Structure formats: C-alpha cells, structure tokens
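Novice: Below are the chains, spelled out letter by letter.
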Amino acid sequence: MNGASVVEAEGLGLTFETADGPVHALSDVNLAISKGEFVSFIGPSGCGKTTFLRVIADLEQPTAGTITVNGHSPEQARKDRSYGYVFQAAALYPWRTIERNVGLPLEIMGYSKADQKKRIARTLEMVNLSGFEQKFPWQLSGGMQQRASIARALAFDADLLLMDEPFGALDEIVRDHLNEQLLELWAKTNKTICFVTHSIPEAVYLSTKIVVMSPRPGRVTDIIESTLPKERPLDIRETPEFLEIAARVREGLRAGHSYDE
Amino acid sequence: MNGASVVEAEGLGLTFETADGPVHALSDVNLAISKGEFVSFIGPSGCGKTTFLRVIADLEQPTAGTITVNGHSPEQARKDRSYGYVFQAAALYPWRTIERNVGLPLEIMGYSKADQKKRIARTLEMVNLSGFEQKFPWQLSGGMQQRASIARALAFDADLLLMDEPFGALDEIVRDHLNEQLLELWAKTNKTICFVTHSIPEAVYLSTKIVVMSPRPGRVTDIIESTLPKERPLDIRETPEFLEIAARVREGLRAGHSYDE
Amino acid sequence: QDLYPVTFQLKWVNQGQFAGYLVAKDMGYYEDAGLDVTINPGGPDIAPEQVIAGGGADVITTWMAAGLAARERGVPLVNIAQPFATTALEMVCSEESGVESTADFPGKTLGVWFFGNEYPFYAWMAQLGLSTDGGDDGVEVLRQAFSADPLLQNQADCISVMRYNEYKQVLDAGIPEDSLTLFNFADEGVGMLEDGLYVMEDRLEDPEFVEAMAAFVEASMAGWEYAAANPEEAAEIVINNDMSGALTLESQVYQVNEAAALVGDTPALDVEAYDQTVATLLSAVSPDNPAITEEPEGAYTTVVTDAIE
Amino acid sequence: MNGWIITALAVWLAGWGINEFLVRIGTRDRVAASAINIAVPVIFGVVLLVVWEGLVRGLNVPAVLLPPPSVIWERLLASIPNPIWPDFQQTFLKSVLIGYAIGCGSAFIVAVAIDRSPFLKRGLLPVGNFVSALPLVGIAPIMVMWFGFDWQSKAAVVVVMTFFPMLVNTVAGLNATGAIEKDLMATYAASYWQTLAKLRLPMAWPFIFNALKINSTLALIGAIVAEFFGTPVVGMGFRISAAIGRLQVDMVWAEIAVAALAGSLFYGVIALIERAVTFWHPSVRGGRGG
Amino acid sequence: MMSSARHSIVPVATVVLAIIAIWYVAAIMLNLPWQQGVYARGDGVAVGPLQFLSDIYSQQRPVLPAPHQVAVEFYNSVFNANPSTPRSLIFHAWITLSATGLGFIFGTLLGIGLAVLIVHNRAMDRSLMPWIIASQTIPILAIAPMVVVVLNSVGLTGLIPKALISTYLSFFPVVVGMVKGFRSPEAIHLDLMRTYNASGNQVFWKLRWPAAIPYLFTSMKVGVAASLVGAIVGELPTGAAGGLGSRLLAGSYYGQTTQIWAALLMAAALSAALIFAIGAIQSLTSKMMGAPA
Ligand SMILES: Nc1ncnc2c1ncn2[C@@H]1O[C@H](COP(=O)(O)OP(=O)(O)OP(=O)(O)O)[C@@H](O)[C@H]1O
Ligand SMILES: Nc1ncnc2c1ncn2[C@@H]1O[C@H](COP(=O)(O)OP(=O)(O)OP(=O)(O)O)[C@@H](O)[C@H]1O
Ligand SMILES: Cc1ncc(C[n+]2csc(CCO)c2C)c(N)n1
Ligand SMILES: [Mg+2]
Ligand SMILES: [Mg+2]
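Residue numbers (this note's numbering), protein chains in the order written: chain A, 908 to 1168; chain B, 908 to 1168; chain C, 3 to 311; chain D, 496 to 785; chain E, 12 to 304.
I should point out that these hints are in silico values taken from the structure, not numbers from a laboratory. A couple of the hints might just be wrong.
What the hints assert, rightly or not - Here are the simulated DSS-like cross-link-like pairs (lysine-lysine), alpha carbons at most 30 Å apart as the crow flies:
{"no.": "1", "chain 1": "A", "residue 1": "1024", "chain 2": "E", "residue 2": "298"}
{"no.": "2", "chain 1": "B", "residue 1": "1024", "chain 2": "D", "residue 2": "616"}
{"no.": "3", "chain 1": "B", "residue 1": "1095", "chain 2": "B", "residue 2": "1042"}
{"no.": "4", "chain 1": "A", "residue 1": "1020", "chain 2": "E", "residue 2": "191"}
{"no.": "5", "chain 1": "A", "residue 1": "1024", "chain 2": "A", "residue 2": "986"}
{"no.": "6", "chain 1": "B", "residue 1": "1042", "chain 2": "D", "residue 2": "693"}
{"no.": "7", "chain 1": "E", "residue 1": "191", "chain 2": "D", "residue 2": "708"}
{"no.": "8", "chain 1": "D", "residue 1": "589", "chain 2": "D", "residue 2": "708"}
{"no.": "9", "chain 1": "E", "residue 1": "191", "chain 2": "E", "residue 2": "298"}
{"no.": "10", "chain 1": "D", "residue 1": "677", "chain 2": "D", "residue 2": "616"}
{"no.": "11", "chain 1": "B", "residue 1": "1042", "chain 2": "B", "residue 2": "1024"}
{"no.": "12", "chain 1": "B", "residue 1": "1095", "chain 2": "B", "residue 2": "1024"}
{"no.": "13", "chain 1": "D", "residue 1": "677", "chain 2": "B", "residue 2": "1020"}
{"no.": "14", "chain 1": "D", "residue 1": "693", "chain 2": "D", "residue 2": "677"}
{"no.": "15", "chain 1": "E", "residue 1": "298", "chain 2": "A", "residue 2": "986"}
{"no.": "16", "chain 1": "B", "residue 1": "1020", "chain 2": "D", "residue 2": "693"}
{"no.": "17", "chain 1": "D", "residue 1": "616", "chain 2": "B", "residue 2": "942"}
{"no.": "18", "chain 1": "B", "residue 1": "1024", "chain 2": "B", "residue 2": "986"}
{"no.": "19", "chain 1": "B", "residue 1": "986", "chain 2": "D", "residue 2": "589"}
{"no.": "20", "chain 1": "B", "residue 1": "1025", "chain 2": "B", "residue 2": "1042"}
{"no.": "21", "chain 1": "D", "residue 1": "677", "chain 2": "D", "residue 2": "708"}
{"no.": "22", "chain 1": "D", "residue 1": "677", "chain 2": "E", "residue 2": "191"}
{"no.": "23", "chain 1": "D", "residue 1": "616", "chain 2": "E", "residue 2": "298"}
Keep in mind that this is a model prediction, so the values were computed, not measured.
Please model the entire structure based on the sequences and the hints provided.
Specialist: Quick look at the structure:
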C-alpha cells in the first residue's frame, strides 16, 4: 500500500438486500486514489457511483473486499472527520442562515466561536458568497445554494472532498462558471477530490483521472488518466485532445450501457 | 400570414403580475414556425422558454402582441386538440398503469375502446415500451417514465408536438438514445416539433431551427437555421460543422447571460 | 383547639336539597361542634358510593336503595342517620299523554333517572306487573337526563321529578298544575328512603369517629332547623355556594322550603321505613335490576344517633 | 414484598426483553417479518394487562374503583348476549354507522359542490373550523331536544362531529392536484367532470381517507357520550353510565373494551380500504419502487 | 397570511349571515309546537303575525333560541356580570382555560416525549403505536366522571383531574404529528450529520427538532381544541365547581337553552382564540426560522 494513497479499494463489492432480491450495486472494484488527484466518476444511472462515494464516506458498508481511507477504515476516517461531502442536492437546512449552515459542521466539531466566525468568512469568500451570510437558503438561487453547500464541506478543511453530482441541477452556463472555480480551488489547496458526474465534458474538463463505470453489477470498466495540462481555460473543450479523451469516455460508457435501462 | 405556418407570434409579450411587482417573462417575441420544422428553444433559466410553449398551448394568456396556432387562436387550437404537450416531469398518474396513462387522452377525447387499444399498442411500440403495459409508473425508471409520457402525447396523433425539456432528468447515454429515436419519429411522421432544452449539443443535434433566448425580459436574441443534413448519426456531433453551430449558440447564450445569476 | 376534619360528599350539585348542610357550614355550626367540614358537591354521574369506597369522603348522602345496593356490591356502607324522613320522588304525566291512573301506563313512555335512582321505579313496575321493554302491554323507559325537558317537549308521557325541583320547573314553564297527573312513589307503596347519611362500616369501630359523626349529624339538623325557619337566608347561602351561577333565588327559596319539609323531627332512622324499603326492593328483584338480592345485615346503626341527646 | 407485584414486574421486564430481541431480528422472510410486526404489539398489550392485573391485586385496589382484567373478561363473556350485543347494535350499528355515513357522505357532496366557488370555500372553511370547535357535550343535549331520545339524535351528533373534518380534508384533497397534472388535462381540453373524475378525485383519496380514519374514532366517542344526555335504556353509553351508578364497574370496563375493540376494528377496516384504494401512494407502497 | 385574512372577510361574513338567516327560520320551526301549546292554553284570541314573531323569538325555554337571544345572554353574562362571580361567563371561561392550559401543556410534553421514544427505539415504535391509536377509541369522555372519582381517591383534586382528561385527549395528535415531524428530515440531511460524526443528541437538537417544528404547531392546534373539550367534559361531573362545563350542565339541568348556547359560543370562541394564539406563535417562530414571509 502506497503511503500517499488516499483511497484504496480492493475487490470491493456491495450488494443491497431488497424485497425483490439482491441488487449488486458494486462488484470487484479496484481503485487507488493518490493525494492531490481530481478523480471523476462517470457512468449511467444506477451504476453505483453514489454508492461508491458513500462507501468511502462510511455511509454504506461494503459486503465484499476491502477499502481504506487515509490508510484507515472508512469508519475511522469518518470519525476523524477527514472528508467533506457535497451531496447532489444542496441539502441546506432551511431554518438556518447561510452563515449558520456553513457553520454547522464547525458547531458539531466543537470549534470555538471565534474560529467558527473566521472560517465561515473565509469559505464564503472562497465560493463568492460574501455578503449573503444572513440570507436564508430559499432567498438564494440554485447555483448559490450549491456553492453554499460546497462552502459547508470546505469549512473544516478536510483534505478529501467527496462531491456527488454537485452541479447536476444547474444550467450549463452557471455550471461552466462553477467548474472553473472548482478547478481554481483545487489547484490552490491541493485537496484530493472525488467527483461524480453524468456529463462527459464536465468529467474531462475537471479531472486528472476519469473512472468509467457500468451497471449491473456496478463495475469499473475503464480508468482514463487525463493528458490535459493542469491549467485549463474553458475553451480547452474545443481542442482535439479534449475531444479525443471525451470520445474515449463516451466509448467506454456506451460499451457498458444496456439500452433496456 | 403563410398558410403552412403552424405557429406565428408577432410582438408577443407576457408580464406576470406578482406581489413583488411585474415579471416580464416574454417581450416582443416574433417567430414563425412552419409545418414540419423541428425548433429548439435554448436559453438560461428563467428566460421564458416554458412560458412561450405554454402560450402556444393556451396555458398562459399573452399580455401583448398576437399569436396564432394553425391559423387560429391558441384557445381554438387547444379545443381542437391540435397539439400534444410533453412536460419536463413525466406527470404520469401513479394510480394508472402505463397502458391506461397512455390511454388517458384517448378516453377523454372519446375514442372507441378498440381504437384506444390499437393506438396504445402502436405508440408504446414506438417508444420501445411494449411489454410494460401493466406496470405502474413508479415501477419504471425515469427514462422509461419519460418515454411513456411521450407516448401519451403521441397517442392521439396531433400534428404539433410541444416538448418542454423532456430529457432534462436523464443521463447522457439514455438521452442520446432518445434523441435518436425522436429524430427518427419526426422524420417518419412529419410532425412539427417545438423542443425546449438546456443542452447546446442536444439543440444542435435535433433541430432545423434553434431559437436562442435571453432573460430579463425574455427576448429572442438569435434564430439559427441549421445547415446539418436531415440524416444525423450520433457522431455528427464531432464534425466541425456541428461544432461551429454549437459555438454560435454558445456565443448567443453567453451574450444574454448575466453572471450574477 | 384542633378541629376534627370531615369530608362530606353530596349526591348532587349544591342546591336547596342540601340547604341544611350548607347552612350549618356557613353559620359555623360544624366549627362550633369541633368539626372542620368540607362539603364536596356531586353531579350527574358522580357516584358518592364510589367516592367513599376510594377514600375520597368520610361521609356521604345517598338514597337508601343505592346505599344498600352498594353494600351488596362489597362497599360496606352503613346508614348512620336519616335526615329526610319522607320522600319527594314523584312521577308526573302531561295532559296530552292521557295518563290518569297507573292503568293507563301500558304503551306509554316514561322518563326515569338512572345512576342509582332507578330502583323505586323498577320496584313500582314490578308491583304493577308491567314489563319495561316497551311494547303495548309494557312501558317504554327513557333515560331521563337532567331536566324536565322530555315532558315539555312531549318526548315522554311521564317523567320523574323531585317535588322540590323539577316539578317546580314544569310549573314554571307555564303548564297549569291542574292539567298534570301526579304519582307519589310513597303513596304507590314503593316509597324508598331518600337522602340519608352513610359511612364505611370499619370506621365505626373508632369511637372518636362516632363522636365526630354524632356532632356532625347534630349540627346538620341544627342547620336544617335554621333553614326551615329562614328559607330566604338559607336560599341565599345556597346560591353563594353555587359555582355555576345558574340558580335563581326564587327557585331556591321554594326548594329550601320543600326540602326542609322532608326533614323529620329526629335524625334517627325509622326502622319501619327501613324495613319497608328493603321489602320493596326485594319484591322487585330481576336480572335487569338487581338492587339487592337478599336481606342486608348491619346496613344501619343507631350508635351515632344514640350518641345525640 | 408482594407476589402479585413481583410477578407483574417480572412479566414486564420479560416482555420488554423479548420485544427488544424481536425487533432486532433482521429477517428477509416476509411471513416471519409480518409475524414479528404483529407479535411485538400483542406482547406489549399482554404485558400491559398482566401488569394491570398484578398491580390491582397486589395493591388491593377496591373493585368498585378498578377491577382486574380477569374479572372484566369474565363479565364480558357472560354479558355478550344480554346487554352487550343489544347495546352494540344500538350504538354502533345504528348511531355510529348511520351518522358516519350521512356525515361523511354529505360533507363530501358539499365539498364537491363548493369546489367550484373559491368564494364559498374561503367563507365556509373558517366558519366550519369554528363550528367544529363547539364541544360535543354542548351539542348533544341540543340534538336530543331536536331529534328525540332514540338513536336518531346520537346519529345527528355523529353527523355534526364528522362533517367538518371530512369537508376540510376533501376540499384540501381536491386542491392537492399539482399544476402540471391540471395543465395536462387542459391540453386535452378535458371537461370539469372529466378532470374531477380522472385526476382530482384520485389525488384527493389520501386526504379523504385521512378524514375517514379520524372520523371513525370520533364517531364512536360522539355516539357514546351523546347517550349521556337521554336515551332509551339500551346503548353502550347508557350502560356505562347506569353501571357506574350501580357500582358494576366490571360492566363499565367490559363496555369500554367492546368500544375500544369496535373502534380499533373500524379504524383498521378503513385503513385496509385505504391501502387498496391508494395503493399507488408513496406512503402505502413504501419508498422507492422496483 | 394577512392578505389572505383580508380576502376572507367578505366570504366569511356572507356565510355567517346566511347561517344566521337559516337559524332564524329554524328557530320558528323548532319553537312552533311549544308556542302553539301556549296559544292553545291561552284565551284563544288570534294573534297577528308580528305578535307571533315576537312571541316565538322571546320564549323563556326555546328549543332553539334565536341568535339575538343568544347574543343578549352572551353580552349580559360577559359584560354585565362581575367577572369574579359565577354569573359571569368570563369567570367560567377562566376556570376552564386554566384546566385546558395545564392539560395542554402536559399533553404536548407527553406527546413529544412519546414521539422521541418512538423515533429512537424500534421496540417502542412497533409496540406503542397500535396501542396509542387504540387508546383513542376508549370513550374517555364517557368515563370521565369515574376518572375524576378515581383520581380524587388518590388525592388528586381540583384542577388536576380535569387537566389529566385534557392531557389524554391532546397528547394523541401531538404524538402522531411529532413522530412524523421527527422523521421528516430527508435521508440526505441525516447522512450529512453522519459525515460530521455528529452525536445522537446533536442530530436531535440540530436536525430533528427544528425539522419537526412545523409539525409541532400543526398538531398543537388540533391538540388545544381537544384539550378544551377534555376540560369541559371533566367539569361536567364536578358540576358545582364552575367552568364552562358546569355552565353547560346547569343550563341543561334547569332547561336554560339560551344559557347553553351562550356557553357554547364562549367555548368555541375560546377554542378559536387558542388556535389563533398558537398560529401567531407559529408564524413568529417560522419567521425567526427563516421561512418565506
Ligand atoms: N439503499 C438502497 N437499497 C437498495 N438498492 C439501492 C440502495 N441504494 C442504491 N441502490 C441500488 O444500487 C444501484 C446503484 O445505485 P447508485 O445510487 O450508486 O447509482 P448511481 O450511479 O449514483 O446512479 P445515479 O446516476 O442515478 O445517481 C442502483 O441500482 C440502485 O437502485
Ligand atoms: N406563474 C408565474 N407567476 C410569476 N412569475 C412567473 C410565473 N411563471 C413563470 N414566471 C417567471 O417568468 C420567467 C420565465 O419563466 P419560464 O418558466 O418561462 O422560464 P424558463 O426559460 O422555462 O426557465 P427554466 O429553464 O428554468 O425552465 C421567470 O422569471 C419566472 O420566474
Ligand atoms: C343524571 C341525573 N340523575 C339523577 C337525577 C335526579 N336527581 C334529582 S335530585 C337528586 C339528588 C338525590 O338526592 C337526583 C339524583 C338527575 N336530575 N339527573
Ligand atoms: Mg447517484
Ligand atoms: Mg422551463
């Protein structure tokens, strides 16, 4: 096992027991993610992307194989509060202001009031939401809510960021904009990011590594190391290199896709 | 007025009176759609795409300008049942089987039992859902539900199809697949289709005409006639011609977009 | 000096029916006798026998039939005094009913109070040989609620009344007295002793308690005497004790007068009247109405009244 | 200290333990799962009765205050043919069922009738809420005055009690239809009645059943209490009151047991019908579907 | 909310007027038999329609008193009576209100407590819920007098027995509502807490409790009305101790229909006021919790 490896899965499998029989959400997943990587997970609906992230986060228990996070068990990692999780929906608490939503993990983890204040200000700044501290979630647009939820995951400075389709509900232009900002943040902080998406361009644009998955049972069908430079302007998406990687991802996806859904 | 023109809007405007003051959802929209066209509407959230479709369908009343559908008022067109409407959400009735959902408009319009049966079978066939007649909506995946809702709109053979982001909730692969099928259907039946989307590739891939809209107030900023051939394999999306049109659409979009959200 | 505490449970709400006790308390007779008396008003559906069985009272007033029935059910009640020597329960029939004698009862609807007040009625029907299941040769029984309304609204042909209360209401409603037919339960031979004072048997082994009860009964009788002599003042006291605010002075003066007239010269139980009550009850035993099934033993005592000079 | 109390405590602890054990069994067998689901509350109920029996006997509570369940049970069995069955007929089969049917039925019709008038809806609902705040004990004597002392007046009380919950819920249910579903009907140029029958009514069923369930317990309580204000000498409320007066407390509890059983069954039957009619509702089919 | 209240004034007034009109007509019909009896017993002189109306609307013991009779009685017993004497409806309303309030507080606390148990303990969830539903099918109202007697015998007197009957009736809507409320947080909100490794207490106070607040208020509105009914019923057996229940009873015992109606009106007004008060607290709370205006 590599010392710098943040996530390491070997022969990982997860089967849900349901009333209609077992559902194989993950099977024989082998994957190593090193520190500072930006890994995208892409694959059709139901292929186990969310499940894999949830296993890392100790929100589901694998039924086969092993997985370590920061060299420990996921449970230990969770108790160490070593990751921040961004859900597909912003999942802000509607009765808390933006400020207090971002402060929620800090309250729970027992940061001092002063420290809380400082961190809230810093992370809201980071996601461009300064000035909205006292607003309630419903007073913000969908994009701003999603940024607040990212701020919440950043507030306690975990080195690992798990993001489950954080921009799925946003329109393309806003999404482009947030993608740029996310890349910037990643470059600045050297965090490790696991990012689930449905969008091929998004995956290619953001990642250093793209994990293509296929359903029934959820398997990893391809792992693509990106050859794109770390510096990525938005129009990199029209370059042949980009299109080539995108084509490979699409290929991988199509291979694993069953048209009967 | 052109005899073959299915939708014709002149100086169309619509202002919602709300508690916070008027919202200009549409202003001075001029557009003519001829029979057999496939028109996509694209634009950022809140620019009035849905509102425009709803005006055509007589679900909203314009506050300025004129609009005709098949040469009549939208109300007349609605009463003539001259269009089928596909909503962004599938909006299937959960207490009806797929078969009876598709048969709903037929029941209401008073088709004979035998005719209903025939049409249900035919349209379910068309959207690849034969064999699922007796299932309830919640037993189907999102993509299948959306196909059922398309079948429902097709069942009574209206010549005009209004589709409001019908594939918004689906993953890219399923979406590609349905796009192909929709094109095929359109080619076969020579229907007129108005199609709202957020996705630039989808708009370019499907349409003979792309209407780019911008918000505050909802205006048409660009109307792009597609130069792509009628026959469109999926990989047409990597051709320079396609990318060029896509770039023009993106341009138009970005011009109208305000980054402050 | 220390007052002996006594909790006294009435069978019904505070009204002229209990004027003697309320007067005795108000005038300080109980205190003078060394007693600290708490009078707890009753109400519909409060069974004093249950209250005393649960330890919620030291002494209660109830009708003898109910007291004997409770004794047979395992609540060892003992009559220690019988202030009401005569009875006031009557049945009144409207002119429209056409009832002029008991022979007219078959096929009629009669209002009856339950909750331990039904025993005299069932004894009467047994005596008349009338079934109480309705039908042409029996009578139909209606559980009469609080008021005289069933008669006024023609829902019943006859209703139960207390002479000191509901009967007055019927008259006050404007029904001429001569249009009514009145049956007195005592005159019909089914009279049963009404408000008497009862305590739990085991308490009587305590001489101090017996002494206190003697003082209580004596002071109560003094209260009644005062009420009989000063009905207006007694009614005033009753009204001051009425928390519902519904009583009128006029009705209470009438009620005090009528009730005081029921009080005998002595609080001692008239054994003859007791025997008659028991005999009437035993004559009417039926599965539907099992007041008592056998001759009660030790259901009264004279130790208290004997202690009064 | 006392055998009865110790036994009661022991049974209580044992029952608790068994239940904690049972709910921890994760079984995939549907039959076993539903057996556990039934066993747990039954064990709880049995424990409750045993504790009651033990405490009453152990503490020597007088039978005229609270009899032990075994005595109540004997009384219940002995009295089914005579007072209990006729009482049940009078109170449940006549007052409750008829009042319930009229109350719920007329409220439904009124709800549909005022559905088209926002004016009436805005006017009737607050007034309706006010009227349903009238305490039933005040209404009951009035109904006896108006409708006589037999079951008709009890049914009238039940009608008054059940009317407004049904009205409010039905109106809310008819308004529960989403905008898209209604628009869909508009695109078909469907008539008012078509929309009502094919869309709004099905959507309203969960609300309507909500009211039907609430009303099932309300109706029984209402009918029984109304009998305190004048009745023929039959009926569960009459019996309860008469029996308290005669200190037959075991009879009182036997009637209460019958009332609770009938009420629970009534509720259960409505709940079963609800499951059948609103089989599609997420709360019935349970979370995500296949 | 304010604007919707303003919207309702005209419709509500219309409906109320219609009810009053129907009421006047019904009063004639229901009071007619008695009036005819009076005329029949009288001297046989024919009365004119005006005299007839005035007679029928001023009966001493009407089967259905006319609205103005009730209004006059209500006015007199509320404004013209010394509120510290039993002649005043305010006096009775206050007695009932204190029992209602106490019972309601008990009931709400009991309901919340049971809901917490049910939500946090699977065995409790499975065993309690069916019995809580069954408990409400017990006609507690019918045995209220016995309950009062039994409670008296263990030393609970005065306010407490009434309050306990209120508690019995009001805890049910609160349990049902709060179980729903505590379970209302979506899975994703709970997962979020898990990713922070939050303790059970933290999850409860920072998530379940605030999420359940809207449910709490909704069920409190139902619960407070039930409490009032419980208090009134609890007052019936102890009829002589005052309160709206004893007022209803006395009215009924002495055939004072008008008095019954006035007390009823007071009870309904009390209940409306309590519900309104809870609604006001609710909108204040939800404003503080950031709900859209
Ligand atoms: N709690 C659960 N119980 C049973 N089956 C589950 C559960 N959670 C997920 N599944 C199933 O496991 C499979 C993988 O689900 P998962 O949510 O990981 O997919 P996904 O790749 O995230 O899909 P999407 O793109 O739609 O979010 C699916 O078939 C899903 O139905
Ligand atoms: N019923 C309404 N009342 C008030 N404002 C409305 C109403 N419906 C729409 N609007 C406003 O009109 C504008 C146009 O809305 P519309 O739904 O047509 O946008 P859209 O282009 O379809 O957006 P999206 O991509 O998010 O679906 C928006 O600002 C919206 O808030
Ligand atoms: C429900 C009810 N039960 C009995 C009576 C009759 N009653 C009149 S006076 C009195 C007290 C007896 O000492 C009783 C019991 C009633 N009016 N209402
Ligand atoms: Mg997912
Ligand atoms: Mg839209």
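Novice: All hints, please: hold or fail.
Specialist: Right, here's what the structure says about each hint:
no.: 1; hint: 1024/A x 298/E; verdict: holds, 24 Å
no.: 2; hint: 1024/B x 616/D; verdict: violated, 40 Å
no.: 3; hint: 1095/B x 1042/B; verdict: holds, 28 Å
no.: 4; hint: 1020/A x 191/E; verdict: violated, 33 Å
no.: 5; hint: 1024/A x 986/A; verdict: holds, 23 Å
no.: 6; hint: 1042/B x 693/D; verdict: holds, 18 Å
no.: 7; hint: 191/E x 708/D; verdict: holds, 17 Å
no.: 8; hint: 589/D x 708/D; verdict: holds, 19 Å
no.: 9; hint: 191/E x 298/E; verdict: holds, 22 Å
no.: 10; hint: 677/D x 616/D; verdict: holds, 19 Å
no.: 11; hint: 1042/B x 1024/B; verdict: holds, 16 Å
no.: 12; hint: 1095/B x 1024/B; verdict: holds, 22 Å
no.: 13; hint: 677/D x 1020/B; verdict: holds, 24 Å
no.: 14; hint: 693/D x 677/D; verdict: holds, 11 Å
no.: 15; hint: 298/E x 986/A; verdict: violated, 35 Å
no.: 16; hint: 1020/B x 693/D; verdict: holds, 17 Å
no.: 17; hint: 616/D x 942/B; verdict: violated, 46 Å
no.: 18; hint: 1024/B x 986/B; verdict: holds, 24 Å
no.: 19; hint: 986/B x 589/D; verdict: violated, 50 Å
no.: 20; hint: 1025/B x 1042/B; verdict: holds, 18 Å
no.: 21; hint: 677/D x 708/D; verdict: holds, 28 Å
no.: 22; hint: 677/D x 191/E; verdict: holds, 29 Å
no.: 23; hint: 616/D x 298/E; verdict: holds, 27 Å
Of the numbered hints stated above, those contradicted by the structure are hints 2, 4, 15, 17, 19, listed in ascending order.
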